[in-house]
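Participant: Chains as they are written, first to last, in my numbering: chain A, 1 to 163; chain B, 1 to 159.
Derived from the structure by calculation, the hints contain no laboratory data.
The C-beta atom is built at its ideal place from N, Cα and C for all residues, glycine as well.
Hints may contain errors.
[Said to hold, decoys possible] Here are the in silico distance ranges between beta carbons for each label pair:
| hint | chain 1 | residue 1 | chain 2 | residue 2 | range |
| --- | --- | --- | --- | --- | --- |
| 1 | A | Arg93 | B | Asp73 | 32 to 38 Å |
| 2 | A | Lys149 | B | Pro77 | 29 to 35 Å |
| 3 | B | Ala51 | A | Ile21 | 32 to 38 Å |
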Amino acid sequence: MLLIIGLKHSEYKEIIPSPLIGQQAPAFELPTLTDHRIVNSSSLRGKPYLLNIWASWCPGCRVEHELITSIADQGIIPVYGLSYKDAEHDATRWLERFGNPYTEVLVDQAGKVGIDYGVYGAPETFVIDAKGVIRHKHVGPLDIKTWEKELLPLIMTLDEPQS
Amino acid sequence: MLCLPMPTLTHQYQCALRACLRRILAVSVLLLITCPLLAVDVLEFESAAQAERFRDLASEIRCLVCQNQSLADSDAPLAQDLRREVLEQMQAGRSDAEIRDYLVARYSDFVLYRPRFSSVNLLIWFAPLLMVAAGMWLVIRQLRRPAEVDDSQPGGNLD
Numbered sequence: 001m002l003l004i005i006g007l008k009h010s011e012y013k014e015i016i017p018s019p020l021i022g023q024q025a026p027a028f029e030l031p032t033l034t035d036h037r038i039v040n041s042s043s044l045r046g047k048p049y050l051l052n053i054w055a056s057w058c059p060g061c062r063v064e065h066e067l068i069t070s071i072a073d074q075g076i077i078p079v080y081g082l083s084y085k086d087a088e089h090d091a092t093r094w095l096e097r098f099g100n101p102y103t104e105v106l107v108d109q110a111g112k113v114g115i116d117y118g119v120y121g122a123p124e125t126f127v128i129d130a131k132g133v134i135r136h137k138h139v140g141p142l143d144i145k146t147w148e149k150e151l152l153p154l155i156m157t158l159d160e161p162q163s
Numbered sequence: 001m002l003c004l005p006m007p008t009l010t011h012q013y014q015c016a017l018r019a020c021l022r023r024i025l026a027v028s029v030l031l032l033i034t035c036p037l038l039a040v041d042v043l044e045f046e047s048a049a050q051a052e053r054f055r056d057l058a059s060e061i062r063c064l065v066c067q068n069q070s071l072a073d074s075d076a077p078l079a080q081d082l083r084r085e086v087l088e089q090m091q092a093g094r095s096d097a098e099i100r101d102y103l104v105a106r107y108s109d110f111v112l113y114r115p116r117f118s119s120v121n122l123l124i125w126f127a128p129l130l131m132v133a134a135g136m137w138l139v140i141r142q143l144r145r146p147a148e149v150d151d152s153q154p155g156g157n158l159d
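Kindly produce the complete structure, drawing on both the sequences and the hints.
Facilitator: Here you go:
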């Protein structure tokens, strides 16, 4: 009986709950992909944003790219990209080929910032509010259903002025 | 060449083929023995004791990409990064508990093979005890019942 219940729920086993939800997003200082300018994570605060962890070697990133692009194009929320464990020229070529939706791409070649964010694969998408608190984490390619049902409603509440 | 039936091969070819197969076998055996060692990338330990402490700790930590392997066994790039991180923190003088906390803060309790005692998994820790208690309660009830049933049921039926 218990085994059956367990097996029925086991489809969720790949999603590891993030202990970072509700916590301040880990601080980082990373160079940008385009001009190697150092960006401090505190400078991203003041407005909600998405942090999309991606890499050119990641097929799932290709899958969600169209949606990420349309989110960025509609100006719903700024999307920052974290180039995760990727060679710079591969990342640049990938963006040239498929388009660059990101407000800024930050380069985490060693994957150290990824560890701080509890990243265990790409793509992953974090919703971070104006105060720099992680409000949501989506693991795997973002799809329209998840976007409309989970992320967008949350982002709408974030847009209201915070008391 | 290998598809030809053996009798059509000349003696010379047969010998060459056998030598070749033997070599393949030797290489495969060697690979089988050394592959688990290859999974561990080059880390420089300061002492044998540190290496042992590292192995103990890494075998308690789950590789998150290939969830049924420990950090010590996995070849996934993330596992390599985490191994390096664990070693760096060890060399910086952090305790095992501090390193575990560091990983749990980022990857949740899931990263540990030995679950910790927390309010969330309290039930898991006590479930076996609860089940034994429930079982004993059932057994005791069953043992007591026949006496009651024997006394009351015939009487009840007669009425």
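Participant: All the hints need checking, so say for each whether the structure fits it.
Facilitator: Outcome of the hint check:
no. : hint                             : result
1   : A:Arg93 <-> B:Asp73: 32 to 38 Å  : 34 Å, holds
2   : A:Lys149 <-> B:Pro77: 29 to 35 Å : 32 Å, holds
3   : B:Ala51 <-> A:Ile21: 32 to 38 Å  : 36 Å, holds
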